[in-house]
Amino acid sequence: MKTALLSDLHANREAVQAVIDHARTAGAARWVLLGDFVGYGADPAWVVDTVRDLVRDGAIAVQGNHDLAVVRGASPHMRPEPRFVIDWTRAQLSAAQIDFLASLPMSQVSGDHLYVHANAWDPAGWDYIQGRLEAVRSLQATRCRYTFCGHMHEPRLYHLSGTGKAGDFTPTPGVAIPVPPHRQWLVVPGSAGQPRDGNPAACYAMFDDADASITYHRVPYDHDTARDKMLAAALPQRLAHRLEDGQ
Amino acid sequence: MDSRAPNPIPPAAPVAAAAAAHEQPAPTLQPGLVIDRFRLEEKLHVGGMAHLWRVSEVNHAGDSRLPLIMKVPRIKGGEDPATIVGFEVEQMIMPMLAGAHVPKFIAKGDFTRQPYIVMERIEGPSLRPRLEHAPLALDEVIEIGSRVATALHDLHRQHLVHLDIKPSNIMFRPDGTAVLVDFGLSRHDHLPDLLEEEFALPMGTGPYMSPEQVQFVRHDPRSDLFALGVMLYHFTTGERPFGSPDSVSGLRRRLWLDPVPPRALRADCPPWLQEVILKCLEVKPERRYQSAAQLALDLQNPTQVALTRRAERMQKSGTLRNFKRWFFALGAEPAPTHTKASEQLDRSPIILAAVDVDNAAPELLDKLRESVRRIVLAEPGARLACASVMKIARIGMDDLVDEDGRSRHVQQLVGLKHWARPISKGLNLDDGRLTFHVLEAPDVATAIVEFARRNQVDHIVMGARGASGLRRYLGSVSSQVVAESDCSVTVVRAAVPLPPADEPG
Numbered sequence: 746m747k748t749a750l751l752s753d754l755h756a757n758r759e760a761v762q763a764v765i766d767h768a769r770t771a772g773a774a775r776w777v778l779l780g781d782f783v784g785y786g787a788d789p790a791w792v793v794d795t796v797r798d799l800v801r802d803g804a805i806a807v808q809g810n811h812d813l814a815v816v817r818g819a820s821p822h823m824r825p826e827p828r829f830v831i832d833w834t835r836a837q838l839s840a841a842q843i844d845f846l847a848s849l850p851m852s853q854v855s856g857d858h859l860y861v862h863a864n865a866w867d868p869a870g871w872d873y874i875q876g877r878l879e880a881v882r883s884l885q886a887t888r889c890r891y892t893f894c895g896h897m898h899e900p901r902l903y904h905l906s907g908t909g910k911a912g913d914f915t916p917t918p919g920v921a922i923p924v925p926p927h928r929q930w931l932v933v934p935g936s937a938g939q940p941r942d943g944n945p946a947a948c949y950a951m952f953d954d955a956d957a958s959i960t961y962h963r964v965p966y967d968h969d970t971a972r973d974k975m976l977a978a979a980l981p982q983r984l985a986h987r988l989e990d991g992q
Numbered sequence: 028m029d030s031r032a033p034n035p036i037p038p039a040a041p042v043a044a045a046a047a048a049h050e051q052p053a054p055t056l057q058p059g060l061v062i063d064r065f066r067l068e069e070k071l072h073v074g075g076m077a078h079l080w081r082v083s084e085v086n087h088a089g090d091s092r093l094p095l096i097m098k099v100p101r102i103k104g105g106e107d108p109a110t111i112v113g114f115e116v117e118q119m120i121m122p123m124l125a126g127a128h129v130p131k132f133i134a135k136g137d138f139t140r141q142p143y144i145v146m147e148r149i150e151g152p153s154l155r156p157r158l159e160h161a162p163l164a165l166d167e168v169i170e171i172g173s174r175v176a177t178a179l180h181d182l183h184r185q186h187l188v189h190l191d192i193k194p195s196n197i198m199f200r201p202d203g204t205a206v207l208v209d210f211g212l213s214r215h216d217h218l219p220d221l222l223e224e225e226f227a228l229p230m231g232t233g234p235y236m237s238p239e240q241v242q243f244v245r246h247d248p249r250s251d252l253f254a255l256g257v258m259l260y261h262f263t264t265g266e267r268p269f270g271s272p273d274s275v276s277g278l279r280r281r282l283w284l285d286p287v288p289p290r291a292l293r294a295d296c297p298p299w300l301q302e303v304i305l306k307c308l309e310v311k312p313e314r315r316y317q318s319a320a321q322l323a324l325d326l327q328n329p330t331q332v333a334l335t336r337r338a339e340r341m342q343k344s345g346t347l348r349n350f351k352r353w354f355f356a357l358g359a360e361p362a363p364t365h366t367k368a369s370e371q372l373d374r375s376p377i378i379l380a381a382v383d384v385d386n387a388a389p390e391l392l393d394k395l396r397e398s399v400r401r402i403v404l405a406e407p408g409a410r411l412a413c414a415s416v417m418k419i420a421r422i423g424m425d426d427l428v429d430e431d432g433r434s435r436h437v438q439q440l441v442g443l444k445h446w447a448r449p450i451s452k453g454l455n456l457d458d459g460r461l462t463f464h465v466l467e468a469p470d471v472a473t474a475i476v477e478f479a480r481r482n483q484v485d486h487i488v489m490g491a492r493g494a495s496g497l498r499r500y501l502g503s504v505s506s507q508v509v510a511e512s513d514c515s516v517t518v519v520r521a522a523v524p525l526p527p528a529d530e531p532g
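Protein chains in written order, with the working numbering: chain A, 746 to 992; chain B, 28 to 532.
In isolation and in its complexed conformation, chain A is listed as follows (with noise of 0.2 Å):
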């Protein structure tokens, strides 16, 4: 059975529905979304209806930085930008919208999957992972045999055999890797809706248990359209123009 696996997508519409329709033609039966489903867009309603519609159909989601930060509201320490993203953002959403950020695990596990959004030695911590250090961290934090995490917008896969040995990979888009269960895997999909490796298009990635492999995939967008309506709605132009080239 396949899992689609969704991270950071950050209330960008087009995004997220190019992903969506590009993970159920590979034939996606499950989906697990990993945080971060708003900030930065100029669609957090839609994105979170989607998100709770999927989840309420048997998706796992858990809660990213962004979300707790628009559950909480801003606080008077922020800068002015992120202030005003998360102004901005409550004021579209309903309380039962907000309601539902705040109902979001910080974690969840499945099996031998652990899902969580930044890390697993600390959750709510929102440590990045950044490279093998904090993978190894991460992956010796957990009992599980593939943990799965978003956060970091650049999609990465980590592993850790059982003599310790650990090594990082920058997947190539569209092709299968096996993940066999004897090694210890972590799997950063990358960002479907803010992707900064200089690629514009989405990432998600998509689990076969089957054959235990994990797909990455970039899925080009109208980011022309995202873009537009984060500077009609008056959004930051900075986080709206690096749609354009990913960065």
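Read the hints as simulated data drawn from the structure, not as lab findings.
Model, not experiment: these values are computed from the prediction.
Please note that the accuracy of each hint is not assured.
List of simulated lysine to aspartate or glutamate pairs, EDC-like, C-alpha gap at most 20 Å [as the list claims (entries may be wrong)]:
(1) B/Lys452 / B/Asp393
(2) B/Lys367 / A/Asp913
(3) A/Lys910 / B/Asp220
(4) A/Lys910 / B/Glu223
Given the coordinates of chain A, assemble chain B onto it according to the supplied hints.
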């Protein structure tokens, strides 16, 4: 492979019991035992790293399926992890490979139960026993080199660097196609390199390891050309160019010590073959052939090999030169790069210019030359093969060898060289990057397509016949080439003045 069970449970007999990699030795495998859907028939080979079993697929008994073997890693307690990781690597890589130059992959077994790979069985011995008969006849050396280079290029195109090319890993199909086996040290562009971080020592087989492999570089397809060069040297001379070192310092000597030139060991080794072998054995990858296809092209076209000082050498370099090379090799570790095998190939294509020197219009020949020049200019690693086809009758082949045939052949060669002269001068293509071929065949398009296929050409550039009566009667050669060839084809057309518009009625 079954990843659904977090705690693997040993399945019931007669299927093999569980053997987790680090827990207990593998169960006793014996004829008749069924592992998943495969029945062990006969143990064929006991190797240092793995056992090979002839197996049959239980649900397919009696039909015409491929003969199969099962490779089972030797897992003893507390052993060198190379066995395990190498087998893991092979399990990951084999399903990614296809084509005639690898054994067909059938199935693999999980490490949490019984690790194995089932693949097509290639009959016959490897090249290993031929080493005992070295030096071999030169024709055989050249044939081996050409077939292995062709196989290597096919694997490099599939994003793989083999990294353990040696006679025992080379087999042949009944039609002579070379098949490369054992991918336990290989690296695939699209897969995590599990070996990269695993070991503190260089990985490979001592005599064959390239200088960059000694320095932990694992992504360069030209490493395989070095190993093939070692093999060709051994088959030609009966000696190993760098001996069989068993220490890292021994391995590092190849960074500065050059081998005895083959001609000093074997008088009848032609200069061109020494040129080819020593070019493969260059310390710096950028001084070797840039692709296996370029090497195969030279092995199949000896008269076209550009001879350099390599061809002339009759003794090893002197002490001073060795000292210099040793000095510069100290600490000169290659800079880490993230180039991929396929990128190296993309940079080193073979371009075939198919030129109808006798019949094409001068405007078309000019236009074709300019198109070819631009394509070669854009690819500094490209090789250009210029070919024309000399039509011969389907029967009466003996006409070929008569004086008239020979002079026609020479005439075409002269015409081709003349056509290509502005390109070779303009782009300074004198270092063996330009070759000329007069193909003799009854059918022009078929000859071009087959030459391109045999030499793993990446791009054919050819002219279209003008809008003349000739095309109407003879059909278009270029459209047949476009339809039948495996590679990219660019068809060049010269501008034809528009016919005068019809008078208004």
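Comparing the hints with the structure gives:
For the given pair, B/Lys452 sits about 15 Å from B/Asp393 by alpha-carbon distance, which is consistent with the 20 Å threshold. Restraint check: the Cα-Cα separation between B/Lys367 and A/Asp913 comes to about 16 Å, which is no more than 20 Å; the hinted pair holds. At roughly 12 Å between alpha-carbon atoms, A/Lys910 and B/Asp220 fall within 20 Å of each other, so this suggested pair holds. A hinted pair counts as satisfied when its Cα atoms are at most 20 Å apart, and A/Lys910 with B/Glu223 qualifies at roughly 10 Å.
Every hint from the earlier list agrees with this structure, and none is contradicted.
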